[in-house]
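Trainee: Work the whole structure out from these sequences, hints included.
Sequence lines, in order, name chains A and B.
Here the first sequence is numbered in our numbering, starting from 1 and rising by one per residue.
Here the second sequence is numbered in our numbering, starting from 1 and rising by one per residue.
Hints in this document: simulated from the structure, not taken from any laboratory.
Just so you know, these numbers come straight off a predicted model, no measurement behind them.
Among the hints, erroneous ones may be present.
Stated by the list, open to error - Partner residues aside, some chain A positions facing chain B, computed with beta carbon under 7 angstroms:
#1 10
#2 50
#3 54
#4 74
#5 84
#6 92
#7 103
#8 107
#9 230
C-beta atoms are modelled at their ideal positions from N, C-alpha and C, and glycine is treated no differently.
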Amino acid sequence: MNVVETKALGRRYGKRWALRDLDLTVAEHTVVGLVGPNGAGKSTLLHLVAGLIDPTEGSVNVLGAQPGSKGVLPDVAFVAQDSPLPKRPRVCEVVAMAAGMNVRWDADVVSKRLRELRVDESHRVGELSGGQRAQLALALALAKRPRLLLLDEPVASLDPLARRGFLQSLMAAVADGGMTVIFSTHLIDDLERTCDHLVVLGQGTLLLSGSLDEIVQGHAVIVGSPDRPLPSGSSVVGGYRSPSAHQHLVSVSAPVIDPAWQQLAPTLDEIVLAHLAVEPERRPVRRLEVV
Amino acid sequence: MLYVALRRFRHDTTAIAIALAGVGLLALITGRSMNREYRNSGLASCLAAQSQSQCRDLVDQFGEKFNALQFLIVPLVLLPALLGAFIGAPLVARELEAGTHRFLWTQGVTRQRWFAYTSGVALGAALIAGSLYALIAGAWLDTTNTVTGERLSQLYDFQGIVPIAASVFAVAVGVASGVAIRRTVPAMAATLGIFIAVRVSTAILLRPRFAAVKTIEVPFRFGPVLDDPLLNGGAWVLSTKMLDASGKQIGHNESINIDDFVGRCPNIQSGATDSLPNPGDVNRCLNDLGAHTMFRYHPGDRFWTFQLIESALLLGLAGVAIAVGVTTLNRRTA
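Mentor: Below, the structure is given as structure tokens:
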């Protein structure tokens, strides 16, 4: 079953398309990393899936219904960028508030997390550190026991220690099972540790999507001489390292077996960056089957 | 859920309670001194036995003594607008501005439901605060109503049920402005602007037309023009005109343009000399012309009819504002 399904999804702000012509499916129980530079449309996509905004064109379907609708809201949790929580109330008040606004609520999740983090519940939310606030927002999201958890740049503003703590909390929750996660990030390092699927957005369009394994296996760095044709079944994504050395990052449908080209295994980082570096007009329309 | 919505208003409730307590204290102090003056100066017994114009000196004396209070009454009419600006406008705008709507609107209840609860609580608070305010102001103005007979005119906006409806209207406009404008301070300004525009235009353009205007004509005489039957009944006089026997207008209010009579009365000459004509001559001339004063007015006993009509109007507009708010909220632009 697909948790998220979009068809030709587009969202325009004024004259600028933040997201355009996006066909994407997210299967149940996957952890999807959403990457792309600033302005790529990551937040827009997450806001559309959370039901905070409506599409300008196309459709988005979450758990078989319209996002943000009554039936879906209890099953979807969203931690927005910079974890916006009311700042003036005390921690315990925000917890009580969230508890009162949800039908399903696991109070233990929050109290346990706050104890572990040594957050004093009588403190005001505005007095918490960035890491504590992000953890509080995550705890509140997890207490909903959501089927779909959306996180928008949850670790972007955190120091490395807080970031590790946050991702550990997230991974522990994922390990408990039953949850599909989509989270956006700039940091490709985090992806390899946490995600099993990847979606790369650039300038509002889908550049690449698939499981990590598929993506890594579907690419190769090939080194060879300039006068030789590319191995069959491969196409160049980008000039790589140094074009003069005739190194290319190519997408491949099958392992390259061509003695003229030496093959190296690319890192995920290299693949993502190569896709992001492609000029928009040169981009092939590529949609990998399953995310 | 209701509890959550109610808790959000703790600080607002405290602020309203403090403001109302301040107004109440002020009303209590000045009200007591007005009441004392009313009884001790003999005005109470005079008005009980005689008509308004016969007690004029005492009325004037009372009016002079509490003249300063009329400046107090102007901010009082804006109190409902402040409710709208400080409770209505930030309700949604503050969340949109701080980004916390992303938290609030992604919990287990729809944004429409959350909006219904919080704006419901805000409107309920306006209803309660407006009622308390109307009670305080009504008690405070009790003496002044009797002395001035201005309950339907100058003092109309401060008492009865209009302040309650105005408070609800102001908060509804505030909420809708907040949803539509999405920023707190501009939404507050818009709330104040819309509130003042609606209240002023209602008072000037619509209120005089709430019922058929009555007219009364009385023979002209020098002295206070406003006649006792009107004044004692607390009438709201819309216009006063002086007419001659044929119904032609010869003067407005209490002023007469002497030049209009030149040629119509033999004993009044044109201003060849700078001296004014003899008042006796003018009086005789006006008598000869059949001069009389025509009042257009609403009788004082229309107070509650007018209050009901205006409150219904304001509540209707409040409904429109809430509908605009809900429609804008449903559009989900951000």
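Trainee: Each hint should be assessed against the structure and marked as holding or not.
Mentor: Structure-based check of all given hints:
The interface hint given for residue 10(A) is violated, since its Cβ lies 15 angstroms from the closest Cβ of chain B, which is over the 7 angstroms cut-off. Against a cut-off of 7 angstroms between C-beta atoms, the interface hint on residue 50(A) holds, since the closest Cβ of chain B lies about 5 angstroms away. Interface hint status for residue 54(A): upheld, as the beta-carbon distance to the closest one in chain B is roughly 4 angstroms, under 7 angstroms. Interface hint at residue 74(A): satisfied, since its Cβ lies 4 angstroms from the closest Cβ of chain B, which is below the 7 angstroms cut-off.
Annotation: interface hint on residue 84(A) holds; nearest CB of chain B at approximately 4 angstroms, less than 7 angstroms. Of the supplied interface hints, the one on residue 92(A) is violated, with its beta-carbon coming no nearer than about 12 angstroms to a beta-carbon of chain B, more than 7 angstroms. Interface hint status for residue 103(A): upheld, as the beta-carbon distance to the closest one in chain B is roughly 5 angstroms, under 7 angstroms. Here the hint on residue 107(A) is broken, as its CB sits about 14 angstroms from the closest CB of chain B, past 7 angstroms.
A distance limit of 7 angstroms between C-beta atoms decides the matter here; for residue 230(A) the minimum to chain B is near 46 angstroms, and the interface restraint is violated.
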